[in-house]
Amino acid sequence: MNTKMASKPLGTDLLTLGKIKNVLITQARPESEKSPYFDLEKKYGVSLEFQPLTEVLPISSRDFRKQKIDITAFSAVIFTSRNAIDHFFRTCEEMRITVSQDMKYFCVTESIALYLQKFTLYRKRKVFYGENGTNESLFDAIKKHKEHEKFLYPCSENFDSEITNWLASNDCDYAIPVLYKVELTDITELLKKKDFQVVCIFTPLSVKSWLKNQPDFSQDDAVIGVFGDNTRKALIAEGFDPEIVVPNEHTKNMATALDIFLGGLMKK
185 MNTKMASKPL GTDLLTLGKI KNVLITQARP ESEKSPYFDL EKKYGVSLEF QPLTEVLPIS
245 SRDFRKQKID ITAFSAVIFT SRNAIDHFFR TCEEMRITVS QDMKYFCVTE SIALYLQKFT
305 LYRKRKVFYG ENGTNESLFD AIKKHKEHEK FLYPCSENFD SEITNWLASN DCDYAIPVLY
365 KVELTDITEL LKKKDFQVVC IFTPLSVKSW LKNQPDFSQD DAVIGVFGDN TRKALIAEGF
425 DPEIVVPNEH TKNMATALDI FLGGLMKK
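For the sequence shown, my numbering begins at 185 and goes up steadily by one.
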């Protein structure tokens, strides 16, 4: 493969449906065969491969105790990923911590906010999220409550410093419990077997993992779809521009965005 060429549009030579055979979704395979992803295979004759670019490992309760953070002393939680939600409630369960029904939740996107329903009663007056999936819109949601809340920002060791910098500069009362760690996944064997014309990436760390697995990745090698503003920023920082960005004015999920993208190529 060639070296990066940031001045050239991403995937220029791939923007016809017939040239797109393999699509890489960098998440675990959906448990339900009714997932809209599988409809794309039938509709457009493409093959979807599901392979995460990172592996999430829990921080033990014993190690969390060393951080000396009392979860019950806080009145609000900031979530920027489903992993953070999973490991926040896992930690609470393991340590037999009862989360107050008055706890407020601030989420970077609506889809992350809705994921809370898996763990707690979803009450609109207790759940807030950014309007457009950016950190800036998340900050707007927090601003209205920052004078009266103590915030937890559960995260991995690779937390988003833009959020912590904002909390600090706006004199918020907050703590950063590290509840899990994320390691990059080696997918070089998969990449030797298959060429992917479309790659969908969901986290900033997955951008790093993709480029580590593909150190000579070029703008022309694949069309890239990204989920979330932070992932978009991470990709741009590496010199690339995504062809598909979710959420957008048409949809908040990647499967629908892919459908729109592939459908557009069919019309060409």
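Worth flagging that the hints you see were computed from the coordinates, not collected in a lab. Just so it is clear, CB atoms sit at the ideal spot from N, CA and C, and this is done for glycine as well. Heads up, a few of these hints could be off.
[As the list claims (entries may be wrong)] Derived CB-CB ranges, DEER-like:
hint : residue 1 : residue 2 : range
1    : Tyr306    : Arg274    : 14 to 22 Å
2    : Ala421    : Tyr306    : 17 to 25 Å
3    : Asn432    : Lys227    : 15 to 23 Å
[Said to hold, decoys possible] When the alpha-carbon atoms are kept at most 27 Å apart in a straight line, the in silico DSS-like pairs for lysine-lysine are as follows:
hint : residue 1 : residue 2
4    : Lys226    : Lys378
5    : Lys302    : Lys288
6    : Lys330    : Lys288
7    : Lys392    : Lys417
8    : Lys227    : Lys377
9    : Lys365    : Lys392
Verification of the supplied hints:
no.: 1; hint: Tyr306 x Arg274: 14 to 22 Å; in the structure: holds (19 Å)
no.: 2; hint: Ala421 x Tyr306: 17 to 25 Å; in the structure: violated (34 Å)
no.: 3; hint: Asn432 x Lys227: 15 to 23 Å; in the structure: holds (20 Å)
no.: 4; hint: Lys226 x Lys378; in the structure: holds (20 Å)
no.: 5; hint: Lys302 x Lys288; in the structure: holds (16 Å)
no.: 6; hint: Lys330 x Lys288; in the structure: holds (11 Å)
no.: 7; hint: Lys392 x Lys417; in the structure: holds (12 Å)
no.: 8; hint: Lys227 x Lys377; in the structure: holds (24 Å)
no.: 9; hint: Lys365 x Lys392; in the structure: holds (15 Å)
Against the hints set out earlier in the document, a violation occurs for number 2 only.
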